[in-house]
Amino acid sequence: GAVVSQHPSWVICKSGTSVKIECRSLDFQATTMFWYRQFPKQSLMLMATSNEGSKATYEQGVEKDKFLINHASLTLSTLTVTSAHPEDSSFYICSATTSGNSYEQYFGPGTRLTVT
Amino acid sequence: RKEVEQDPGPFNVPEGATVAFNCTYSNSASQSFFWYRQDCRKEPKLLMSVYSSGNEDGRFTAQLNRASQYISLLIRDSKLSDSATYLCVVTPGGIKAAGNKLTFGGGTRVLVKP
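Keeping their order, the protein sequence lines are chains A and B.
When we follow my numbering, the leftmost residue of the first sequence carries the number 1, and every step to the right adds one.
When we follow my numbering, the leftmost residue of the second sequence carries the number 1001, and every step to the right adds one.
None of these hints come from the bench; they were simulated from the model.
Don't take each hint at face value.
25 Å max Cα-Cα, derived BS3-like pairs, lysine-lysine [claimed, not checked]:
(1) Lys1002/B / Lys41/A
(2) Lys20/A / Lys1113/B
(3) Lys1002/B / Lys1113/B
(4) Lys55/A / Lys66/A
(5) Lys64/A / Lys1101/B
(6) Lys41/A / Lys1045/B
(7) Lys20/A / Lys1042/B
(8) Lys1101/B / Lys41/A
(9) Lys1101/B / Lys55/A
Among the chain B residues that face chain A by a calculated CB cut under 7 Å, a handful are [claimed, not checked]:
(10) Pro1014
(11) Asp1039
(12) Phe1104
(13) Gly1106
(14) Gly1107
Idealized CB from N, CA, C, for every residue including glycine.
Please model the entire structure based on the sequences and the hints provided.
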């Protein structure tokens, strides 16, 4: 149980275009989802916390207008990287938790974004 | 100063040997601590929680030292499959707090060699 999927697993896009990444909880309802970014040889950095039906809370330094997050249902959250630039190339990972459950976050397999 | 700091390594470990490494955290109010394992180009996976009394899971032993604000991980009888990056994770909330924000350390890379 507690499986989280992400789609796509990898994507290459041209500079200036937008890319949407989906995060789904397959066998549980996720009231809270988190989006992380990981650059090569660096750790995961939390970008934003997303609660179903409400606006995402962004971490300091993360542009909310550039990284659009939508958590429209209890099983789906999307991250859209708008007007992507090469410096946005990174590994984007989502995780999900259930309400009333403990600390544990279930991670998706990640999406590798390359902007050319 | 980073909230969670780790020696990036790599720690080159002969197969069968023991390896140990630490992680320090800056927020004395932190309540929950974990070790995650991350393989190359994969998502992190929970290895074990860390309790004040110390805990063991097979070949893995984790310790928490609140006074000095560090946690440790020890791997005994290292296997080739233990090669990975080990991420130290800290949260401000208690273990039952849903939706806790996790703060990750930079990771310690371990390479187990035959």
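Hints, verified against the model:
1. In summary, the hint linking Lys1002/B to Lys41/A is supported, as the alpha carbons are separated by about 16 Å, within the 25 Å threshold.
2. Under the criterion of a C-alpha separation no larger than 25 Å, the hint pairing Lys20/A with Lys1113/B is inconsistent with the structure, at around 40 Å.
3. About 31 Å separates the Cα atoms of Lys1002/B and Lys1113/B, which puts this hinted pair outside 25 Å; it is violated.
4. With a C-alpha separation of about 14 Å, the suggested pairing of Lys55/A with Lys66/A holds against the 25 Å cut-off.
5. With a C-alpha separation of about 18 Å, the suggested pairing of Lys64/A with Lys1101/B holds against the 25 Å cut-off.
6. A C-alpha spacing of about 17 Å is found between Lys41/A and Lys1045/B, which places the hinted pair at or below 25 Å, so the restraint holds.
7. A distance of roughly 20 Å separates the Cα atoms of Lys20/A and Lys1042/B; the hinted pair therefore holds under the 25 Å criterion.
8. Proximity of Lys1101/B to Lys41/A is assessed by CA-CA distance (about 21 Å); at most 25 Å being required, the pair is judged to hold.
9. Taking the CA atoms of Lys1101/B and Lys55/A, the gap is near 16 Å; set against the 25 Å cutoff, the hint holds.
10. Interface restraint check for Pro1014/B: the shortest CB-CB distance to chain A comes to about 24 Å, outside 7 Å, so the restraint is violated.
11. The beta carbon of Asp1039/B is not positioned within 7 Å of any beta carbon in chain A (closest approach about 11 Å), and the interface hint is therefore violated.
12. For Phe1104/B, the interface hint holds, since its Cβ comes within 7 Å of a Cβ in chain A; the closest pair sits about 4 Å apart.
13. Contact between Gly1106/B and chain A, as hinted, is supported at the beta carbon level, the nearest pair being about 4 Å apart and thus within 7 Å.
14. A cut of 7 Å between beta carbons decides the hint on Gly1107/B: the least distance to chain A is about 6 Å, and the hint holds.
In summary, the structure is inconsistent with hints 2, 3, 10 and 11 from the numbered list given earlier, while agreeing with the others.
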